[in-house]
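Chains as they are written, first to last, in my numbering: chain S, 1 to 267; chain R, 1 to 267; chain X, 1 to 267.
These are calculated hints, taken from the structure and not from any lab test.
One or more of the hints may lead you astray.
[To be verified] Simulated pairs of lysine-lysine, DSS-like, Cα-Cα distance not exceeding 30 Å:
1) K263/R with K211/R
2) K263/R with K211/S
3) K84/X with K36/X
4) K263/X with K84/X
5) K36/S with K263/S
6) K263/S with K84/X
7) K36/S with K211/X
8) K211/S with K84/R
9) K211/R with K36/X
10) K211/R with K84/X
11) K211/X with K84/S
12) K211/R with K211/X
13) K263/R with K36/R
14) K84/S with K36/S
15) K263/R with K84/R
16) K84/S with K263/S
17) K263/X with K36/X
18) K211/S with K36/R
[Said to hold, decoys possible] Covered, in the sense of this in silico footprint (three residues per stretch, anywhere, with C-beta under 8 Å from a C-beta of chain X), are these stretches of chain S:
19) 48-58
20) 169-175
21) 225-233
22) 236-248
[To be verified] Below, a sample of chain R positions facing chain X; criterion: calculated Cβ distance under 8 Å:
23) F80
24) D81
25) I112
26) Y134
27) G189
28) L190
29) S215
30) A219
31) R222
32) M227
Remember, predicted model here, so these are calculated numbers, not experimental data.
Don't be surprised by glycine CBs; every beta carbon is placed ideally from N, CA and C.
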Amino acid sequence: MTDSLADRSARDAAASGEVHVDIVAGIATVRFAHPKGNSLPAALLARLAEEIRRLGTVTEARVIVLRSGETGPFCAGASFDELKSIRDARSGKEFFMGFARVILAMTRCPKIIIARVHGKAVGGGVGLVAASDYVMAVESSSIRLSELAIGIGPFVVGPVIQRKIGLGGLSAMAIDADWRTARWAEEFGLFSRVYDSVNALDSGLETFARKLARSNPDALSRLKAVMWEGTEDWDRLLAERAEMSGSLVTSEFTRAAIAAFEKGLSS
Amino acid sequence: MTDSLADRSARDAAASGEVHVDIVAGIATVRFAHPKGNSLPAALLARLAEEIRRLGTVTEARVIVLRSGETGPFCAGASFDELKSIRDARSGKEFFMGFARVILAMTRCPKIIIARVHGKAVGGGVGLVAASDYVMAVESSSIRLSELAIGIGPFVVGPVIQRKIGLGGLSAMAIDADWRTARWAEEFGLFSRVYDSVNALDSGLETFARKLARSNPDALSRLKAVMWEGTEDWDRLLAERAEMSGSLVTSEFTRAAIAAFEKGLSS
Amino acid sequence: MTDSLADRSARDAAASGEVHVDIVAGIATVRFAHPKGNSLPAALLARLAEEIRRLGTVTEARVIVLRSGETGPFCAGASFDELKSIRDARSGKEFFMGFARVILAMTRCPKIIIARVHGKAVGGGVGLVAASDYVMAVESSSIRLSELAIGIGPFVVGPVIQRKIGLGGLSAMAIDADWRTARWAEEFGLFSRVYDSVNALDSGLETFARKLARSNPDALSRLKAVMWEGTEDWDRLLAERAEMSGSLVTSEFTRAAIAAFEKGLSS
Chain S
1 MTDSLADRSA
11 RDAAASGEVH
21 VDIVAGIATV
31 RFAHPKGNSL
41 PAALLARLAE
51 EIRRLGTVTE
61 ARVIVLRSGE
71 TGPFCAGASF
81 DELKSIRDAR
91 SGKEFFMGFA
101 RVILAMTRCP
111 KIIIARVHGK
121 AVGGGVGLVA
131 ASDYVMAVES
141 SSIRLSELAI
151 GIGPFVVGPV
161 IQRKIGLGGL
171 SAMAIDADWR
181 TARWAEEFGL
191 FSRVYDSVNA
201 LDSGLETFAR
211 KLARSNPDAL
221 SRLKAVMWEG
231 TEDWDRLLAE
241 RAEMSGSLVT
251 SEFTRAAIAA
261 FEKGLSS
Chain R
1 MTDSLADRSA
11 RDAAASGEVH
21 VDIVAGIATV
31 RFAHPKGNSL
41 PAALLARLAE
51 EIRRLGTVTE
61 ARVIVLRSGE
71 TGPFCAGASF
81 DELKSIRDAR
91 SGKEFFMGFA
101 RVILAMTRCP
111 KIIIARVHGK
121 AVGGGVGLVA
131 ASDYVMAVES
141 SSIRLSELAI
151 GIGPFVVGPV
161 IQRKIGLGGL
171 SAMAIDADWR
181 TARWAEEFGL
191 FSRVYDSVNA
201 LDSGLETFAR
211 KLARSNPDAL
221 SRLKAVMWEG
231 TEDWDRLLAE
241 RAEMSGSLVT
251 SEFTRAAIAA
261 FEKGLSS
Chain X
1 MTDSLADRSA
11 RDAAASGEVH
21 VDIVAGIATV
31 RFAHPKGNSL
41 PAALLARLAE
51 EIRRLGTVTE
61 ARVIVLRSGE
71 TGPFCAGASF
81 DELKSIRDAR
91 SGKEFFMGFA
101 RVILAMTRCP
111 KIIIARVHGK
121 AVGGGVGLVA
131 ASDYVMAVES
141 SSIRLSELAI
151 GIGPFVVGPV
161 IQRKIGLGGL
171 SAMAIDADWR
181 TARWAEEFGL
191 FSRVYDSVNA
201 LDSGLETFAR
211 KLARSNPDAL
221 SRLKAVMWEG
231 TEDWDRLLAE
241 RAEMSGSLVT
251 SEFTRAAIAA
261 FEKGLSS
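So that you can see chain S by itself, here it is in the shape it has in the complex (with noise of 0.2 Å):
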């Protein structure tokens, strides 16, 4: 059996992960899915930030769910292989950044966001949910910041998560890099509404998103406004903390504690 280009095409971008867009009655869904955990290296952040700014201008497009590949967890944060392949302070930053565009993207956008959460969700894809304006997820999806186990921190996720939990939800995720329960995250006010399974999260989000297409338009998109007022100033922001990521990502230490965290998670 022989491939065809265009399977070996699509091969090649499921190897390397990719984000699928389509709108269906209003509700326009963001899919994105990367072999590894549905991690994000740069080129899916690039994507994930550009469609989101895109749907913001789609008319037909009345409210966003952001999805990920079934498989495996929601988000296992940014990618591994690429943070090992960092070698300086100013790609450093460039990769977070790729974070911080998404962020952006998100709590820019006009439209209401919904995240559907079917599994875990490590560091940067922590930022992800809390960038989004409402939250279904399954009981089993725990969280973590894993940053300081690997000799960084939370910096450019840290505004958009402590402003969703407040300063005593961030501090303890942030210091302490374990895990948090659904219940947790949904008792700080991270996740909207927690479900006992996914059958039960998708049958819920398909009621919601449905009727939150056929709400006004209007009274969304300045809900969605005065619900991020205060963060105008968060490209500095996060670029700093883009920079704080960058700079500390190449240090030996770093270095040192990926390999391990690393070894630890295949293990």
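Given the coordinates of chain S, assemble chains R and X onto it according to the supplied hints.
For chains R and X alone, kept in the frame of chain S given last:
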């Protein structure tokens, strides 16, 4: 049996709602009531703001208790009859300024305000709860920001709710215009104490209000002031918000949504 | 048996309280103790602020653990003996500046501070907890802002508590000067982890502090800095707050309330 003029006048007042104030042993009780679920037409909002401002200057009022008519919910929010009668953005803004003025009167009043929440609170009613300093509620007191369901948004009440419970809680309630339980409100800090019956609530309230009325009045007024520090620009902010609601409420979308919502309530 | 000079000196120190610091394997432990419920007179507050500032410059101190004498509460707050001896607003302000300086030293220290809360915390003691970055507590550690009960208010500790748990939680605690449980403190993000025994707490603390002491020190210091971003004006703010408490504490109201409160404690 013929009605005296006084009887008829009392009946008319009850039909359009009333605000009643008394002061006993240092405890000023402000009671608003309206036959339609203790909802708030413009005239009642104006009376409420005026009485709260006045009590701020009355030495004998050491603490203020805000309560409502016994039957039905604590507060059904804005008067539907008045919402439906709004014909242009200017009168729309003026209607929502009624809520803005009550919230400003409450947060700027130098006395601690305790809300006695004996039942459900909806929309603007949740705003009154959030603008109180201490909230005692029964556990059947579910809360709901229904604004989006009628094509507007919780714009005027948003800042005071966000200040009390954070963005995570506010966005969950604002986007999902459905009920949240009293326990949820307690976990997020909107309710300070939740009781399992109205009797227990009233007993707790009596003890607590008496204790506060005997507390150092200088300490209470300074405490009140520091709790609302940073809201000095809310005249401007809430006026902007009233303008948003006022312009949305006259849209075709909103008129149809209010009609459908009201039909749902009565079916 | 006769006492040596050294014995007597140690006994005198214990009677007026003490602050002890040691550093083992990168973990600096700051232990304060006072025979009256680990309460804090001015001299201990000054020592605490000084030691924390000093440890900020000591390279071998990779992480700081704040703990108190084993018996009784974690911290009973301000020293009652000293509160009672305050005769004018100026010395009142100076006394409360003692807490302000400890809070500023803690939040500006470049090291992560873990609080080990083995028992109850009251008033200023809750401030020390809130000014820590990570809080490990046993479930019997109830907390209480008792200030209003003695005629003052939680003015100096208010900003750091509000920053950690939001206005909903702070106002509930500040207005109702009664106990809140350790679970409540955990739900609101004041406690990061709650253990069911002191043994479990100490075991968790040892593991956790060791892990942090092995973490990237540059990442830890940047994380510490960003968590307290936006508190640059707290010198001014907390001085204002100390002035409020200082002027209230000399009133007749407060003197009588302190006497009654102390009587209640001892009965």
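Right, here's what the structure says about each hint:
no.	hint	in the structure
1	K263/R with K211/R	45 Å, violated
2	K263/R with K211/S	17 Å, holds
3	K84/X with K36/X	15 Å, holds
4	K263/X with K84/X	13 Å, holds
5	K36/S with K263/S	14 Å, holds
6	K263/S with K84/X	60 Å, violated
7	K36/S with K211/X	27 Å, holds
8	K211/S with K84/R	22 Å, holds
9	K211/R with K36/X	27 Å, holds
10	K211/R with K84/X	22 Å, holds
11	K211/X with K84/S	22 Å, holds
12	K211/R with K211/X	47 Å, violated
13	K263/R with K36/R	14 Å, holds
14	K84/S with K36/S	15 Å, holds
15	K263/R with K84/R	13 Å, holds
16	K84/S with K263/S	13 Å, holds
17	K263/X with K36/X	14 Å, holds
18	K211/S with K36/R	27 Å, holds
19	48-58	violated (count 0)
20	169-175	holds (count 6)
21	225-233	violated (count 0)
22	236-248	holds (count 3)
23	F80	29 Å, violated
24	D81	33 Å, violated
25	I112	6 Å, holds
26	Y134	5 Å, holds
27	G189	2 Å, holds
28	L190	6 Å, holds
29	S215	6 Å, holds
30	A219	5 Å, holds
31	R222	5 Å, holds
32	M227	5 Å, holds
In terms of the numbered hints stated before, the structure departs from hints 1, 6, 12, 19, 21, 23 and 24, listed from lowest to highest.
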